[in-house]
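Listed here are the chains, written in short residue letters.
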Amino acid sequence: MEIHRVVRDLVTTKRNFWLAAKPLRVVEDYKGDLSVAVDPIGCKPGDFVITITISAARIAAGNPMITTDMTIGGIIDHWSEEEWRS
Amino acid sequence: MEIHRVVRDLVTTKRNFWLAAKPLRVVEDYKGDLSVAVDPIGCKPGDFVITITISAARIAAGNPMITTDMTIGGIIDHWSEEEWRS
Amino acid sequence: MEIHRVVRDLVTTKRNFWLAAKPLRVVEDYKGDLSVAVDPIGCKPGDFVITITISAARIAAGNPMITTDMTIGGIIDHWSEEEWRS
Amino acid sequence: MEIHRVVRDLVTTKRNFWLAAKPLRVVEDYKGDLSVAVDPIGCKPGDFVITITISAARIAAGNPMITTDMTIGGIIDHWSEEEWRS
Amino acid sequence: MEIHRVVRDLVTTKRNFWLAAKPLRVVEDYKGDLSVAVDPIGCKPGDFVITITISAARIAAGNPMITTDMTIGGIIDHWSEEEWRS
Numbered sequence: 001m002e003i004h005r006v007v008r009d010l011v012t013t014k015r016n017f018w019l020a021a022k023p024l025r026v027v028e029d030y031k032g033d034l035s036v037a038v039d040p041i042g043c044k045p046g047d048f049v050i051t052i053t054i055s056a057a058r059i060a061a062g063n064p065m066i067t068t069d070m071t072i073g074g075i076i077d078h079w080s081e082e083e084w085r086s
Numbered sequence: 001m002e003i004h005r006v007v008r009d010l011v012t013t014k015r016n017f018w019l020a021a022k023p024l025r026v027v028e029d030y031k032g033d034l035s036v037a038v039d040p041i042g043c044k045p046g047d048f049v050i051t052i053t054i055s056a057a058r059i060a061a062g063n064p065m066i067t068t069d070m071t072i073g074g075i076i077d078h079w080s081e082e083e084w085r086s
Numbered sequence: 001m002e003i004h005r006v007v008r009d010l011v012t013t014k015r016n017f018w019l020a021a022k023p024l025r026v027v028e029d030y031k032g033d034l035s036v037a038v039d040p041i042g043c044k045p046g047d048f049v050i051t052i053t054i055s056a057a058r059i060a061a062g063n064p065m066i067t068t069d070m071t072i073g074g075i076i077d078h079w080s081e082e083e084w085r086s
Numbered sequence: 001m002e003i004h005r006v007v008r009d010l011v012t013t014k015r016n017f018w019l020a021a022k023p024l025r026v027v028e029d030y031k032g033d034l035s036v037a038v039d040p041i042g043c044k045p046g047d048f049v050i051t052i053t054i055s056a057a058r059i060a061a062g063n064p065m066i067t068t069d070m071t072i073g074g075i076i077d078h079w080s081e082e083e084w085r086s
Numbered sequence: 001m002e003i004h005r006v007v008r009d010l011v012t013t014k015r016n017f018w019l020a021a022k023p024l025r026v027v028e029d030y031k032g033d034l035s036v037a038v039d040p041i042g043c044k045p046g047d048f049v050i051t052i053t054i055s056a057a058r059i060a061a062g063n064p065m066i067t068t069d070m071t072i073g074g075i076i077d078h079w080s081e082e083e084w085r086s
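Protein chains in written order, with the numbering used here: chain A, 1 to 86; chain B, 1 to 86; chain C, 1 to 86; chain D, 1 to 86; chain E, 1 to 86.
Check the hints yourself; a few may be wrong.
If chains are identical, the list can't say which one is meant, so a pair holds when it fits in one copy or spans any two.
[Unchecked claim] Below, in silico cross-link-like pairs of lysine to aspartate or glutamate (DMTMM-like), each with a Cα-Cα straight-line distance of 20 Å or less: (1) K22 <-> E83; (2) K31 <-> E83; (3) K22 <-> E81; (4) K22 <-> E82; (5) K44 <-> D9; (6) K14 <-> D33; (7) K44 <-> D33; (8) K22 <-> D33.
No lab work stands behind these hints, which were simulated from the structure alone. None of these values were measured; they are calculated from a predicted model.
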């Protein structure tokens, strides 16, 4: 898993049927590179989260039919920008 | 998922049987690196899209026999080059 | 598999049900980049370990329902920072 | 999928039983980094091809028992070094 | 598949049950970055090999229960450091 920070929501009106079942969040890594993750937990911008990739991402989304390759797996309790970038 | 921009179509006369079932698009990331994705949605050059990789790409293509490792999952409603590169 | 060093534990009170079954460790590679791995073995900070990714990570976690993409597979007997970075 | 150029054949007398069923090609990306792909299509050096990775690579090889993580999926009809590197 | 060179053996007394069934080798790529691969073939340090990743790695290890994400798939017959780094 990787450590990401939630940046914002992502709206895709025209999208894959199964992806439509869950909210999508734009997340960034410590270098500022952006990815898009399914959020089955309910995160808000600024939260530090662990993101799950590979086939585990589909299981973590709550339904293996959800066609995601990245899913938020948890909100980290104690994390700061300093720890992240060291 | 990653955020890509559709660049152009890709024609491969001699190709894998199952790949032939769907249009292919050349997409670029924010650094200009190119990849090739199956497009089950119907995108046009210039669209910002989310791309799905790993085993989820086959499911998103509409048939797990389609031998793709990257499939376009949705067209992003509001996105600009500025957000992408920040 | 990759060679990582265990940095610390990671606490995520609000997390995916299945991930909750196993301890999580922050690990670093030789460049200092951080990842998060499930630890079914019992490592302590400073241990050099091999980490398993992809679908094998779920099997290595002891239950394929555990939604991990990285699991610690073993503690390396003889390894030093010098070998790692050469 | 990624865009690669076929460089040469690869001979591995001592190899995995299932890999032995198909020709192997060394391919390069636009930066010159080399990989090895199974070729079920019949490519020759200099061809620009799309390469399929992940579990789709095994299916594209014609038999999921073929232990490949990269398979050539098609020969690109119109491609030049200029398009590749832009 | 990628082209790696075998560097040395790796000993992990305390490790995942299934990984214990096969020898592990430290391998390096052309940049000197290290990884760890299961070796079902019997390689020695200095051999140039092709390495298989993703789910194919488990199949190539001879038993899909072996929790590896990288397995040596064959020894390359003719390869030199010059070809590798060009």
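Violated hints - listed by number, lowest first: Violated hints (numbers, rising): 1, 3, 4, 6, 8; every other hint is consistent with the structure.
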